[in-house]
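**Q** Dock chain B against chain A, hints included.
Number of protein chains: 2
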Amino acid sequence: MRFFVSVSYNGEHYSGWQRQSNATTIQEILEDAMGKAMGCAVELTGAGRTDAGVSAKGYIAHFDIEKDLKEHAQLLYKINAILPSDIVAHFIAPVSPEAHARFDATSRSYRYKVHTSKDPFAWHSFYCRFPLDVEAMNRAAAVLLGTHDFSSFEKTGADNKTSVCTVTRAQWTATDPDHLQFDITADRFLRNMVRAIVGTLLDVGRGKIFADDIPGLLESRDRSAAGQSVPGEALMLCNITYPYEISKIN
Amino acid sequence: MRFFVSVSYNGEHYSGWQRQSNATTIQEILEDAMGKAMGCAVELTGAGRTDAGVSAKGYIAHFDIEKDLKEHAQLLYKINAILPSDIVAHFIAPVSPEAHARFDATSRSYRYKVHTSKDPFAWHSFYCRFPLDVEAMNRAAAVLLGTHDFSSFEKTGADNKTSVCTVTRAQWTATDPDHLQFDITADRFLRNMVRAIVGTLLDVGRGKIFADDIPGLLESRDRSAAGQSVPGEALMLCNITYPYEISKIN
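First to last, the sequence lines map onto chains A and B.
Throughout, this note's numbering is defined as the position within the first sequence, counted from one, plus 2.
Throughout, this note's numbering is defined as the position within the second sequence, counted from one, plus 2.
No lab work stands behind these hints: they were computed from the structure.
Take these hints with a grain of salt, some might be off.
Straight-line C-alpha distance at most 27 Å; calculated BS3-like pairs for lysine-lysine [what the hints assert, rightly or not]:
#1 B:115 with A:59
#2 B:115 with A:115
#3 B:59 with B:157
#4 A:59 with A:38
#5 B:250 with B:69
#6 B:69 with B:38
#7 A:80 with A:59
#8 B:80 with A:210
#9 A:115 with B:80
#10 B:115 with B:157
#11 A:59 with A:250
#12 A:80 with B:115
#13 A:80 with B:210
#14 A:157 with A:59
#15 A:80 with A:38
#16 A:115 with A:80
#17 A:69 with A:80
#18 B:59 with B:38
#19 A:250 with A:38
#20 A:115 with A:250
#21 A:115 with B:59
Fair warning: this is a prediction, and the values are worked out from it, not measured in the lab.
Just chain A, same shape as in the assembly (with noise of 0.2 Å):
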């Protein structure tokens, strides 16, 4: 039988998503937690990868299991107990044999936090030192809405089959004068994708480049030809969607 498992991380203390044989990850800690909890080894496939330091709200992995977990009593309870406290399993859900967490989410949503003048308290949130132009950056922001090749965007070296993503959203706001946030939705994401777009943007806010470039630095192809990508600690995966409800039972 396969599940969907729902957990939401913080992962300022990760080395990302996928498993690795010398860091520790988000996969490793809950693939164990899960098996510990289950009495039996389970192999989770998420839905993507996280870069190192980035958090996940509502985050979603698939696996397959001989037991009924129903007959489980309180197995989230047990997960939850494993888990250390910046790992959290929302839910654990019954899904078809075909079900794929990777290939049949439609959307992925990402929130990246930045503010522009210094905070203790600003958590997750990356500190520009220049003054920003929102407008701008929203102009800016706009020109990716739609399908396009974003291999400008790409970490160099990803050896991906196509670079063609749809983004549908991409909108900074301001919270208040010195704390924003950058949303975006695409069906599908690059490695470091949206590190290098808020980077670009952060660009276009500070009058280094213009939202005029925006189309030329597309049509490059060229990493090289956009601005430098921001740090993962203040980017959140904040929604995945799929095609199908999914019906929790846990």
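**A** Chain B alone, transformed into the frame defined by chain A:
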């Protein structure tokens, strides 16, 4: 000339406000940064100690200096550039030579955050693994209002002349079903007092003791009669009031 300086700090990586020979404190870091920025030794007198791990917004300290600070262009900017990212100076204000950051303060307000379900994003909040009866906690908190001897909530071994404090606010608020905050205001606080009060009120919230036990607990003047102190990391000093206007120059 005497000045007030207003600062905020995320205290989680510090051993409290007060300078110590064997631990890093806010006072030490701030005195060093201000001294460096102004080119002279700075000795700060704070509005009070804060315990290890405790944070503050708008903490006030005073210092004396021969110089006319109006000549120091961008002094605040310089101080903040030297200070680490978890401490920020808000303003420097000239005050009368008799003004005293500690003795003149007429009230201090603290906030303590608690969450009752696992939450990787509850920052500066204490995870209480028991469901809490907020109404009962507020009935118990109301008993603390007014002027009492708070010896039962004072760190043993403290050498105050008096343990009498006047509490003008003591209130729990549920920001959502799983997240609570406790706001307390008093003319003064004893060492460990807020954390001992919160620990005791959490005992009320889980039904270990009752609101009706609080008067006897206060009268006992016995620290061991009250509940355990909760961790400092979830405590924030939010406000300090003075009986006079403070006019910023920087």
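**Q** Each hint should be assessed against the structure and marked as holding or not.
**A** These are the hints, each one checked on the structure:
At most 27 Å may separate the alpha-carbon atoms for a hinted pair to count; residue 115 (chain B) and residue 59 (chain A) meet this at roughly 21 Å. In summary, the hint linking residue 115 (chain B) to residue 115 (chain A) is supported, as the alpha carbons are separated by about 23 Å, within the 27 Å threshold. Restraint check for residue 59 (chain B) and residue 157 (chain B): satisfied, since their Cα atoms lie roughly 24 Å apart, inside the 27 Å limit. Between residue 59 (chain A) and residue 38 (chain A), the direct Cα distance comes to roughly 23 Å. Compliance with the 27 Å bound is thereby established for this hinted pair.
Our distance criterion of 27 Å between C-alpha atoms is met by residue 250 (chain B) and residue 69 (chain B), whose separation comes to about 16 Å. Taken as a hint, the residue 69 (chain B) and residue 38 (chain B) pair is honoured in the structure, with Cα atoms around 14 Å apart against an allowance of 27 Å. At roughly 20 Å between alpha-carbon atoms, residue 80 (chain A) and residue 59 (chain A) fall within 27 Å of each other, so this suggested pair holds. At roughly 25 Å between alpha-carbon atoms, residue 80 (chain B) and residue 210 (chain A) fall within 27 Å of each other, so this suggested pair holds.
Distance hint between residue 115 (chain A) and residue 80 (chain B) is fulfilled; the C-alpha atoms sit about 25 Å from each other, no more than 27 Å. The hinted pair formed by residue 115 (chain B) and residue 157 (chain B) meets the criterion: a straight-line CA distance of about 21 Å does not exceed 27 Å. The suggested pairing of residue 59 (chain A) with residue 250 (chain A) holds, with an alpha-carbon distance near 17 Å, which does not exceed 27 Å. At roughly 25 Å between alpha-carbon atoms, residue 80 (chain A) and residue 115 (chain B) fall within 27 Å of each other, so this suggested pair holds.
Taking the CA atoms of residue 80 (chain A) and residue 210 (chain B), the gap is about 25 Å. The hint holds against a cut of 27 Å. For the suggested pair residue 157 (chain A) and residue 59 (chain A), the alpha carbons sit about 24 Å apart, so the restraint of at most 27 Å is met. Our distance criterion of 27 Å between C-alpha atoms is met by residue 80 (chain A) and residue 38 (chain A), whose separation comes to about 9 Å. With a CA separation close to 33 Å, the supplied pair residue 115 (chain A) and residue 80 (chain A) exceeds the 27 Å bound.
A threshold of 27 Å between alpha carbons decides the hint, and for residue 69 (chain A) with residue 80 (chain A) the separation of about 16 Å falls inside it, so the pair holds. Proposed proximity of residue 59 (chain B) and residue 38 (chain B) is supported: the alpha carbons are some 23 Å apart, at most 27 Å. Between residue 250 (chain A) and residue 38 (chain A) the alpha-carbon distance is near 21 Å, which keeps this suggested pair within the 27 Å criterion. Between residue 115 (chain A) and residue 250 (chain A) the alpha-carbon distance is near 31 Å, which puts this suggested pair outside the 27 Å criterion.
Taking the CA atoms of residue 115 (chain A) and residue 59 (chain B), the gap is about 21 Å. The hint holds against a cut of 27 Å.
In this structure, the earlier hints numbered 16 and 20 are contradicted, and the remaining ones agree with it.
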